[in-house]
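Build out the structure end to end from the sequences listed, making use of the hints.
Letter by letter, the chains look like this.
Number of protein chains: 4
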Amino acid sequence: MSIQKMISEHPQVGGDFNESLAQAVKHAMYCAAICNSCADACSAEEMDMRQCIRTCLDCSDVCEATYRVATRRTGENRQLLRTVLATCIHACEICEAECARHDNPHCRRCARMCRECAEDCRTALETLNDEVHADH
Amino acid sequence: MSIQKMISEHPQVGGDFNESLAQAVKHAMYCAAICNSCADACSAEEMDMRQCIRTCLDCSDVCEATYRVATRRTGENRQLLRTVLATCIHACEICEAECARHDNPHCRRCARMCRECAEDCRTALETLNDEVHADH
Amino acid sequence: MSIQKMISEHPQVGGDFNESLAQAVKHAMYCAAICNSCADACSAEEMDMRQCIRTCLDCSDVCEATYRVATRRTGENRQLLRTVLATCIHACEICEAECARHDNPHCRRCARMCRECAEDCRTALETLNDEVHADH
Amino acid sequence: MSIQKMISEHPQVGGDFNESLAQAVKHAMYCAAICNSCADACSAEEMDMRQCIRTCLDCSDVCEATYRVATRRTGENRQLLRTVLATCIHACEICEAECARHDNPHCRRCARMCRECAEDCRTALETLNDEVHADH
Numbered sequence: 001m002s003i004q005k006m007i008s009e010h011p012q013v014g015g016d017f018n019e020s021l022a023q024a025v026k027h028a029m030y031c032a033a034i035c036n037s038c039a040d041a042c043s044a045e046e047m048d049m050r051q052c053i054r055t056c057l058d059c060s061d062v063c064e065a066t067y068r069v070a071t072r073r074t075g076e077n078r079q080l081l082r083t084v085l086a087t088c089i090h091a092c093e094i095c096e097a098e099c100a101r102h103d104n105p106h107c108r109r110c111a112r113m114c115r116e117c118a119e120d121c122r123t124a125l126e127t128l129n130d131e132v133h134a135d136h
Numbered sequence: 001m002s003i004q005k006m007i008s009e010h011p012q013v014g015g016d017f018n019e020s021l022a023q024a025v026k027h028a029m030y031c032a033a034i035c036n037s038c039a040d041a042c043s044a045e046e047m048d049m050r051q052c053i054r055t056c057l058d059c060s061d062v063c064e065a066t067y068r069v070a071t072r073r074t075g076e077n078r079q080l081l082r083t084v085l086a087t088c089i090h091a092c093e094i095c096e097a098e099c100a101r102h103d104n105p106h107c108r109r110c111a112r113m114c115r116e117c118a119e120d121c122r123t124a125l126e127t128l129n130d131e132v133h134a135d136h
Numbered sequence: 001m002s003i004q005k006m007i008s009e010h011p012q013v014g015g016d017f018n019e020s021l022a023q024a025v026k027h028a029m030y031c032a033a034i035c036n037s038c039a040d041a042c043s044a045e046e047m048d049m050r051q052c053i054r055t056c057l058d059c060s061d062v063c064e065a066t067y068r069v070a071t072r073r074t075g076e077n078r079q080l081l082r083t084v085l086a087t088c089i090h091a092c093e094i095c096e097a098e099c100a101r102h103d104n105p106h107c108r109r110c111a112r113m114c115r116e117c118a119e120d121c122r123t124a125l126e127t128l129n130d131e132v133h134a135d136h
Numbered sequence: 001m002s003i004q005k006m007i008s009e010h011p012q013v014g015g016d017f018n019e020s021l022a023q024a025v026k027h028a029m030y031c032a033a034i035c036n037s038c039a040d041a042c043s044a045e046e047m048d049m050r051q052c053i054r055t056c057l058d059c060s061d062v063c064e065a066t067y068r069v070a071t072r073r074t075g076e077n078r079q080l081l082r083t084v085l086a087t088c089i090h091a092c093e094i095c096e097a098e099c100a101r102h103d104n105p106h107c108r109r110c111a112r113m114c115r116e117c118a119e120d121c122r123t124a125l126e127t128l129n130d131e132v133h134a135d136h
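Chain order of the listed sequences is A, B, C and D. No gaps in the numbering here: position 118 of the first sequence is 118 in the numbering used here, and each next residue is one more. No gaps in the numbering here: position 91 of the second sequence is 91 in the numbering used here, and each next residue is one more. No gaps in the numbering here: position 41 of the third sequence is 41 in the numbering used here, and each next residue is one more. No gaps in the numbering here: position 54 of the fourth sequence is 54 in the numbering used here, and each next residue is one more.
Rather than coming from a laboratory, the hints here were simulated on the basis of the structure. Fair warning: this is a prediction, and the values are worked out from it, not measured in the lab. Incorrect hints may have been included.
A pair counts as met if it fits within one copy or between any two copies, since identical chains are not told apart.
In silico SDA-like cross-links for lysine to any residue, where the CA-CA straight-line distance does not exceed 20 Å [unchecked claim]: (1) Lys5 with Ser20; (2) Lys5 with Asn104; (3) Lys5 with Arg112; (4) Lys5 with Asn129; (5) Lys5 with Asn18; (6) Lys5 with Glu45; (7) Lys5 with Phe17; (8) Lys5 with Glu19; (9) Lys5 with Asp103; (10) Lys5 with His102; (11) Lys5 with Ala86; (12) Lys5 with Pro105.
Here is the structure:
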């Protein structure tokens, strides 16, 4: 199954397909899952991981709202989309910084995922800003 | 069941209970439910409600992430909490404006709920900013 | 804001308002929030609460899906609604049993909420079964 | 990013990695996204798609709860996991049947995704039942 195809075949997308946004949707979806799993794995560790559990659950919630909002292409909600992408970047940066402090496979993977997701959201945000400028 | 009590009895809240934040949590939770219901009711209307379905679903997703992040009091995530509350205000303002255009009971209720939720998030945001200033 | 009113004014509910189902929706929404908060509070406790964190997060996810599905009244999905209510009862029973083992305010509240939610879902399930029998 | 790796490296999974369950997690995650997108695309169609919007949103909610519960491996919640997988199969079957009635790319993709997800959940359910028998 391809998230790109899912979006490109949407009746209101058509020629207006934004590859960067599709990539951000895909990685925010993965990041929501990876963070949810990392929070659970953190609770199984012996050391005190409570701050990491929290940042992971927060990031999972934000990523999920992000990918769901960014997936909807019916109607217009571009201003909110920008705000949501910026919020997702913030959540991912915080979670990456926290996970980077812990030397275990799930936190390393989660930090990597958060970094990728933040980068993709940043790129998507730039293309949306460019589109706005092109409108004028 | 009381959302206020739920938060005030959290082991890391204690004397630091923020009544405004508790109110924002409660109303964001209700707003997520009301918007989810309004989107469904909109799809049952005869006229074209697609823009309203979209803004309601987007607002529901953002409100839910907001109340979940704002409920967690273990560890520190105050910066993200501020970003999330601001995003929630944005989503609620957009949804209120869209629902206010439609004259039916579910859209009227949803517009009212969004307005209240945005106000509560604004008040909570101010108390968080005050606390930061008080720290210095 | 009233969840009962939200449902009763839905364009496809009208005279067919099911008070028991509305009560189950409301309590599943609260239970999702209380379990989410209890998981976070559990992670702040000194003793090993990992099993309780897990059952709370699982129960929160199931309650949320339940209240959202049960809120939608457009179209027909009564069979799924029954399956979902039964699943919610199961999740609440497991979470109540786990939380009842821990003597702290958030687990006591969460256990109570899960018990109430399970009872309401059971009652709602019975009314749905009665309606099916009445159809024949 | 690999969902399989995410689960296999969990501190409480280790040698006990269930490939079928990992596949069900991955496809339930994708199915939640595809159904969420299909509901939005359906609202943009000219014909009356309200029943399809509803079954897609319901299925999205159930798939999401499913993949999140099935991802957690800390502690034990195997009984609930079985109930949740069975519920997911039910939701996917209903959504597949509804989407199969509509001849457009997003409904065709969604029907296919739901069928795959239901199959994977069925396989995962069998391996879990086998493990229970093997315990005795």
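Status of the hints after comparison with the structure:
no.	hint	verdict
1	Lys5 with Ser20	within (13 Å within a copy, 25 Å between copies)
2	Lys5 with Asn104	between (35 Å within a copy, 13 Å between copies)
3	Lys5 with Arg112	between (25 Å within a copy, 13 Å between copies)
4	Lys5 with Asn129	neither (23 Å within a copy, 36 Å between copies)
5	Lys5 with Asn18	within (11 Å within a copy, 29 Å between copies)
6	Lys5 with Glu45	between (39 Å within a copy, 18 Å between copies)
7	Lys5 with Phe17	within (10 Å within a copy, 31 Å between copies)
8	Lys5 with Glu19	within (10 Å within a copy, 26 Å between copies)
9	Lys5 with Asp103	between (37 Å within a copy, 17 Å between copies)
10	Lys5 with His102	between (36 Å within a copy, 18 Å between copies)
11	Lys5 with Ala86	neither (25 Å within a copy, 29 Å between copies)
12	Lys5 with Pro105	between (32 Å within a copy, 10 Å between copies)
In this structure, the earlier hints numbered 4 and 11 are contradicted, and the remaining ones agree with it.
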